[in-house]
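Asker: Spelled out from the first residue to the last, the chains are:
There are 4 protein chains.
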Amino acid sequence: MGPGEGATPDENEMAFDLGQAIGREGWITLTGGRSFGIMDAALKGAIEGGGLTIGVLPGDSDKNASENAQIKIITSMGSGRNYISVLSSHVLVVLGMAAGTASEVALAIKSNKRVILLNQDEDTIRFFKKVGSYKVLISSTVDDTIRQIKDYLIVNPVR
Amino acid sequence: MGPGEGATPDENEMAFDLGQAIGREGWITLTGGRSFGIMDAALKGAIEGGGLTIGVLPGDSDKNASENAQIKIITSMGSGRNYISVLSSHVLVVLGMAAGTASEVALAIKSNKRVILLNQDEDTIRFFKKVGSYKVLISSTVDDTIRQIKDYLIVNPVR
Amino acid sequence: MGPGEGATPDENEMAFDLGQAIGREGWITLTGGRSFGIMDAALKGAIEGGGLTIGVLPGDSDKNASENAQIKIITSMGSGRNYISVLSSHVLVVLGMAAGTASEVALAIKSNKRVILLNQDEDTIRFFKKVGSYKVLISSTVDDTIRQIKDYLIVNPVR
Amino acid sequence: MGPGEGATPDENEMAFDLGQAIGREGWITLTGGRSFGIMDAALKGAIEGGGLTIGVLPGDSDKNASENAQIKIITSMGSGRNYISVLSSHVLVVLGMAAGTASEVALAIKSNKRVILLNQDEDTIRFFKKVGSYKVLISSTVDDTIRQIKDYLIVNPVR
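Protein chains in written order, with our numbering: chain A, 1 to 159; chain B, 1001 to 1159; chain C, 2001 to 2159; chain D, 3001 to 3159.
Warning: the hint list may mix true and false statements.
Stated by the list, open to error - Calculated from the model, a selection of chain B residues having no Cβ within reach of chain D, i.e. all distances over 12 Å:
#: 1; residue: Thr-1008
#: 2; residue: Asp-1017
#: 3; residue: Arg-1024
#: 4; residue: Ala-1098
#: 5; residue: Asn-1112
#: 6; residue: Glu-1122
#: 7; residue: Lys-1129
#: 8; residue: Lys-1130
#: 9; residue: Ser-1133
#: 10; residue: Ile-1138
#: 11; residue: Arg-1147
#: 12; residue: Gln-1148
#: 13; residue: Tyr-1152
Said to hold, decoys possible - Footprint (simulated), chain C over chain D, 3 or more residues, beta carbon under 8 Å:
#: 14; region: 3054-3060
#: 15; region: 3065-3075
#: 16; region: 3084-3090
Please keep in mind that the hints were generated in silico from the structure rather than gathered at the bench. Beta carbons: idealized from backbone N, C-alpha and C, even for Gly.
Given the sequences, and given the hints that come with them, work out the whole structure.
Answerer: Next comes the structure, spelled out in structure tokens:
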């Protein structure tokens, strides 16, 4: 999960690497499915890594969808679709920060999901640790993120 | 699309055959994802036919999901998820009839989708033809349904 | 509940009368809140009758809302908001018919609400009676509709 | 907006005072509509102040609704209803903090609404100021909150 418009080139690059690493693990990558920013970069990387990709789209058609979303879930809910993205994920990795992304972190905590804050600043970490406690994990590299997901899945296997 | 509880054994059998035929075409089968009735039978057939399956689930977890839904979209929206099922589909095939199913046919017409009424009675066909006109197609066998989907996709290819 | 674009002048007039009668009873009138058709006419009548009005809007702002919706619930869900309209109502009266309206009738039956089909044709009545059984009531005048609502509310009082 | 379970007695008292002040202004008070915490206290105060109250409920019936919600919008969307609460509000006042509340602040910023953080700690203010910039206002008393809402409504009148 991460911003569309506001993502920096560095963040998009890291999102690509993350998607690629997720794909290599054989996991599914799910994002908000738009055609730019973190959402698109992660999906593109995931395909590169050999993984399956899902976009949970805000609009009422696939018109503005990322071409890297192999499966397009069309919600017609705008940012209301963020809750569906969160509930449909086993673990969230959050890269970059904006209002929509913050709502996903908050809804993930509310839904008792694990959220890995990747490369976030001190203010973000402090706030979400206060709201989410043990559900919020911290990481600064893609490798460490993958490792933390594996640790979580050992204890909480996907059926 | 079709009912959970109210489906007859014959309808479930036809749903299995339909899912299998869809899977064999290499198409994705999407249903409401519950663990019984048309939803489950179609997904089971689709896997048998070698296809990918998606369940768009009404609950807030995958607890009552069909084990044949390979991809589980969790909406926490109850019957509100019917609109997402409809929007995310390219063509709807409707087998069996109940209130939830009727809402899907109506929302599909509203969203300008094609709906194939498979094995429906006269009253159902007459009502939805009146509301949906050319968007509503009629079929009585799985083979004819697949043929009608192909005809539609030739003119309206999936990007 | 009833269509926007497709409503006939006669239907809009009856919707106004119905809203007015609902308002006079001191009941709240809730519609899909758009600025034309049955939705607008019923709200306008309701205000004339001294009632409170609610529009459950499809868009993400109040831009296209009926000016007769005193309370505007903004959903950003398109036709997905139909389920919220249905769940938030105690009794549905359906006047005119189109795809969106049909989805509301179906969702109301699914949600175990009472639906009064006002001035509907034989095909519509036959279909929804088959799907909804005793939950579907038939009326041909505003007066009879109000009387049927009262009968229902005596047995099922609003808390 | 504010938490249900996690609200402190002091926060609930302030929510009551806030609701009362909003009611006295003749404004509508809208909350998540549950029967405890900030949601209930604010609605109770609003009625005391002579205002109209709306609860946008997470469940599929009014069973667990606050008895102080005069108008009950039933969404069947769980925390997905937070986006509807946000979009349907002109200004948000946020008292107390928890994951659901944080999602509302974030969605409000995303939707270009003004959010008044009432009595929030430094970490919360710093994070949301970073994400929301000028859209996020700070207050520490009910009186100052009302004054800030008035200032906003002078420039951005409700139609």
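Asker: It remains to establish, for every hint, whether it holds in the given structure.
Answerer: These are the hints, each one checked on the structure:
no. : hint      : verdict
1   : Thr-1008  : 27 Å, holds
2   : Asp-1017  : 33 Å, holds
3   : Arg-1024  : 36 Å, holds
4   : Ala-1098  : 18 Å, holds
5   : Asn-1112  : 25 Å, holds
6   : Glu-1122  : 33 Å, holds
7   : Lys-1129  : 31 Å, holds
8   : Lys-1130  : 29 Å, holds
9   : Ser-1133  : 31 Å, holds
10  : Ile-1138  : 33 Å, holds
11  : Arg-1147  : 38 Å, holds
12  : Gln-1148  : 34 Å, holds
13  : Tyr-1152  : 32 Å, holds
14  : 3054-3060 : holds (count 3)
15  : 3065-3075 : holds (count 5)
16  : 3084-3090 : holds (count 3)
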